[in-house]
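Chemist: Here is how the chains run, residue by residue.
Number of protein chains: 4
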Amino acid sequence: MINFGIVGLGRIGKVHLSNLQSYCPQAKVIAASPVKPKHKVLLEEYGIVHHCETFEEMMEVPNLDAVVIASPTAYHYDHILQAAKAGKHIFCEKPIDLNYEKVQTVTQTVAAAGVQFMVGFNRRFDPHIQQLKSVIEEGKIGKPRILKITSRDPAPPPIAFIKDSGGLFLDMSIHDFDMARYLVNDEVVQVYAHGSVFGDLPLQQYDDIDTAVITLVFKKGCMVQIDNSRYSTYGYDQRVEVFGENGMTATQNVLDNSVQIANATGHHTARSKHFFIERYAESYRNVLLDFIDTLIHKQPPSISAEDGLAALAIAMAAKKSLKVKTPISIS
Amino acid sequence: MINFGIVGLGRIGKVHLSNLQSYCPQAKVIAASPVKPKHKVLLEEYGIVHHCETFEEMMEVPNLDAVVIASPTAYHYDHILQAAKAGKHIFCEKPIDLNYEKVQTVTQTVAAAGVQFMVGFNRRFDPHIQQLKSVIEEGKIGKPRILKITSRDPAPPPIAFIKDSGGLFLDMSIHDFDMARYLVNDEVVQVYAHGSVFGDLPLQQYDDIDTAVITLVFKKGCMVQIDNSRYSTYGYDQRVEVFGENGMTATQNVLDNSVQIANATGHHTARSKHFFIERYAESYRNVLLDFIDTLIHKQPPSISAEDGLAALAIAMAAKKSLKVKTPISIS
Amino acid sequence: MINFGIVGLGRIGKVHLSNLQSYCPQAKVIAASPVKPKHKVLLEEYGIVHHCETFEEMMEVPNLDAVVIASPTAYHYDHILQAAKAGKHIFCEKPIDLNYEKVQTVTQTVAAAGVQFMVGFNRRFDPHIQQLKSVIEEGKIGKPRILKITSRDPAPPPIAFIKDSGGLFLDMSIHDFDMARYLVNDEVVQVYAHGSVFGDLPLQQYDDIDTAVITLVFKKGCMVQIDNSRYSTYGYDQRVEVFGENGMTATQNVLDNSVQIANATGHHTARSKHFFIERYAESYRNVLLDFIDTLIHKQPPSISAEDGLAALAIAMAAKKSLKVKTPISIS
Amino acid sequence: MINFGIVGLGRIGKVHLSNLQSYCPQAKVIAASPVKPKHKVLLEEYGIVHHCETFEEMMEVPNLDAVVIASPTAYHYDHILQAAKAGKHIFCEKPIDLNYEKVQTVTQTVAAAGVQFMVGFNRRFDPHIQQLKSVIEEGKIGKPRILKITSRDPAPPPIAFIKDSGGLFLDMSIHDFDMARYLVNDEVVQVYAHGSVFGDLPLQQYDDIDTAVITLVFKKGCMVQIDNSRYSTYGYDQRVEVFGENGMTATQNVLDNSVQIANATGHHTARSKHFFIERYAESYRNVLLDFIDTLIHKQPPSISAEDGLAALAIAMAAKKSLKVKTPISIS
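Chains as they are written, first to last, in the working numbering: chain A, 1 to 331; chain B, 1 to 331; chain C, 1 to 331; chain D, 1 to 331.
Think of the hints as simulated: they come from the structure by calculation, not from any bench.
Errors might be hidden in some of the hints.
Same chains, same label: a pair holds when it works inside one copy or across any pair of copies.
[What the hints assert, rightly or not] With a cut-off of at most 16 Å between alpha-carbon atoms, the simulated EDC-like pairs for lysine to aspartate or glutamate come out as follows: (1) Lys133 to Asp256; (2) Lys219 to Glu187; (3) Lys143 to Asp200; (4) Lys28 to Glu45; (5) Lys143 to Glu187; (6) Lys85 to Glu56; (7) Lys143 to Asp164; (8) Lys85 to Glu60; (9) Lys219 to Asp186; (10) Lys133 to Glu57; (11) Lys28 to Asp293; (12) Lys143 to Asp78; (13) Lys298 to Asp65; (14) Lys14 to Glu44.
Using the sequences and the hints given, assemble the complete structure.
Modeler: See the structure below:
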């Protein structure tokens, strides 16, 4: 049984908390921080005894084995360093940090501390994506030549969130960058990005965009086209297609339900599942189960700090490409 | 080159005329009857020189090899007998006649006269149905165990047509009965039908219905479920599914176009093709090409008068079953 | 908090147990019977303290509010009567019993005892079916005219199970009969069934079949076509289609995953989910949540003993129809 | 009645010839060039009397109104100039020419000669694309923000053809560039292309590629992602998706048939239609019908020489971008 502490009780923190207590029989959350009065009822329902005011305090809880870091991105770095120092294993939400050097420090620190570190690129653990990965691994489509990822959010987050998020590439596309690395199993050598602001939010003020098209090139030649938008009126649009030497494989959007209606205007099916909480519900469970499993079997986590670093490098190159309007090489 | 005469220049007659002149390089319509003033322009456009007032007159046209009978059902019998007597090959629209004995006479007469006779169960020549048939013939689903046919019209014909049509089973379901025989390749031994009037037309007056569910049982055991309606608000619904020992195969509705729209209310595709003229356009061409081909190669036509007789027997049994509310055996 | 006892720890009993402990925050299983040595570990994992040898013994457990009856069908009747006598609310797996008079006694007994009784027609609580029901209730397709249900199992149960199951109609089709009543919201007045044995199991010996087509007629006229098979090589096939005055609505099969593969032989998607445990996983949770909710709010359960009785009457009529080869009326 | 002469009787020339004679009642091919002995039978079947050895000779045929230019690209320029001089209207296959200045000359020459000129971007007249265009024009998805085009050939043409074709961008992607301009209804201002050779043909020798990803940016901001391959093992892959302010619309691949098979390995449908002759059969008819219609009504053709010039400019920019590895602006 692995004893967890969790930092951050916002939307995604609550998802992890609920999953750990309900779906992970070999783990238990025993501590949380920072606990405010409004969290008390929830934590009691989940049987969490240690309510800590600070992360430091949580590090002192006896028998704590690991932490889930779901605090705002700005705090990740400090929390990781403290946890590593305290010898706790770490599951950290993406992105690790917006600063490349800090993420490098993270990779070195956790390695030196001998603690396990996993970054929460949960989509790798979506059952549909795992099946797609299997199709590729089994050689059913041959070597990947073109990868296409469509990732469009139903609505932008509040401007208050956006301005500290690092922008579209670091907040949103970073999932797609990791997905590309995961599926193609190679390293990106070149990034070209184009984007603009189409919606109502004044993102220009924050040097940000709401719509982008991105081209990645992998070392072994596979080409990637990613398109992102913050304004998909028809729900969360999440599709991946891999075109290879011998065929093509793709995931389709997961709909709210499979009911079809035919009437005088045609045939109709439901919207796509609303957003990441609904669409990737299973992946959030699976990624934690996998982390716990690797801890129990004393194996390295499936997604390392280096993976976080690699995705960040692509996102930063995309940001630079958007600015200088030319492809950027990654060494 | 086969020289054709055509009788009947209504909706379906025009389809056959156009197909013969535009798509059948080895055939030519040289005569038509009964020709009224309003037909003159059309016939001239198609280069038809012999405009006959009567079928008798058309039988005298020199070098006439074959006839397409697209007259109202009530005239089929006379036209067939005259054509057979004159030694012309015959392509006849379904149903051959509403009277079982008359159709028996037809089968004997054409056989005695040594002319080729084909009944226009065009759906057998729909490319999708032909593919379905191939799947079965190639053994891909094993022996058929359950056959399901959905056949729903977008709107009923005028009451004036309906009252002389023989009713839903003889006018509409007869296509499905032939389809069942074609796909299962066996003979029906039992028929059970239930139906009623749901729509606005006072079909009860004519001992007719607008909605039916029918169960057929074949000699070798295959079971068939057919459902029919005259009121499909979402367009012509034509689906066939065959469930067998090793799998299932099915056709899907053919839509007006393949454009998909996603918006705040979901995902949407087009209506099914409107009605039989649009949905089965290719089958009408193919069935004539096949008839012409068998004439040229002096082979028996693919769909015989006996096939017409067998479908009629099922339709009549369905009619009786509806009346006596019990399954009817066919010997 | 509702305290449950559970009888029967076979396949479906374990599903209910797991759902109650993991997904029903307002309920808790505190007792189980009959407990054999092999069940101990499981029950301890779930924190169940009262391990009873018999149902009688379980009725004595203090503070027990309700029971889940997942014992073999032959025991349902006794367990229900004992539970009613002890004043416990009852959730009972389908079918209640194979004998019509006994089920009548059940309806009277639970009413007299003032306990709540719900029969586990779980499919009503499948999210897709609930959406279908909403579509109908909202009038989107108008009055239902034709209902079609395809329900085909991937493989038959062992012959040992089948011979005590009451046969295909009582064991398998009974779900479809309940579904028809639920969706059409009316009572069946006539049943016609045809079936036979296609597979290897010698079901004839037990007066049973493996394939059937069934026609139901409802009082207000809606017609139903059901087809069942025990041998669907392509997985569990569960489809429902409702054709109404103004349109059509249907559920589609739920696939194992949404990955598509295109290669030289065409486009391919996954199998349907394997069987009821996988396909209807959510419905098993939802039906218990609903039962618990009605207990808490002191409302009558959503599916009554009378619903069980009505489905049984249809199944028995189907059995009789198969035997006498004619439609059977239900009064 | 418009009298046509046709130059070039290769694959695409024969398609145009057959369409003109069989599907265009207001047009007639009366002359062909260059006629070789092997063409005689075909031309006689189509009732073409003037068999010309050269294009010059064909220009002398009396009553000739228009020409279809389906000769190899290298001859287009000369044929266009001669036809313009002779006062004949011109339907010319794409690309007009590989040289930008020559195409400019064409635009000026036909304008000065007062003859109508249409370039054969047939895909605009595909029924699915026309429906997609209508969806956009009717404002159903709002202003386009992202356009995605997938265009993958089932197999590369022979190397002998490729080396004179101008390469992937001028031969293949040029259709996609025109499609983008047609659907977005705006002008491209920037082009970025990346590509490489994955297949067996030694295209590097000819400075060509077999796989490409292309990014276009339109003046009003719409972004385009195109992906091309010469090696689609699963058939001709032709998909277009337009993502806009209020929704998304897309075409799907047209399959060989709509038959579905379900078996132990999953659900299967047919391959996509094999290649452009099959997939775009209707568009080849429609584009000619449209050209004839504009001639009859003395209106300018729907696709002008300027459209050909604009697509060529994009193709040349793509070629340059591939070489210099940076986005290229188009003024």
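Chemist: Now tell me, hint by hint, if it's right for this structure.
Modeler: Against the structure, the hints come out as follows:
1. Lys133 to Asp256: between (24 Å within a copy, 15 Å between copies)
2. Lys219 to Glu187: within (6 Å within a copy, 33 Å between copies)
3. Lys143 to Asp200: Only across copies: Lys143 and Asp200 sit 14 Å apart there, 42 Å inside one copy, limit 16 Å.
4. Lys28 to Glu45: For Lys28 and Glu45, the Cα distance is within 16 Å both inside one copy (13 Å) and across copies (14 Å).
5. Lys143 to Glu187: Only inside one copy: Lys143 and Glu187 sit 15 Å apart there, 36 Å across copies, limit 16 Å.
6. Lys85 to Glu56: within (11 Å within a copy, 58 Å between copies)
7. Lys143 to Asp164: neither (39 Å within a copy, 29 Å between copies)
8. Lys85 to Glu60: Within. Shortest intra-copy distance 12 Å satisfies the 16 Å Cα cut-off; inter-copy 55 Å does not.
9. Lys219 to Asp186: Within one copy only: 7 Å inside a chain, 35 Å across chains, cut-off 16 Å.
10. Lys133 to Glu57: Close neither inside one copy (41 Å) nor across copies (52 Å); limit 16 Å.
11. Lys28 to Asp293: Answer is within: at 13 Å inside a copy they meet the 16 Å cutoff, but 28 Å across does not.
12. Lys143 to Asp78: neither (41 Å within a copy, 45 Å between copies)
13. Lys298 to Asp65: within (13 Å within a copy, 45 Å between copies)
14. Lys14 to Glu44: within (13 Å within a copy, 28 Å between copies)
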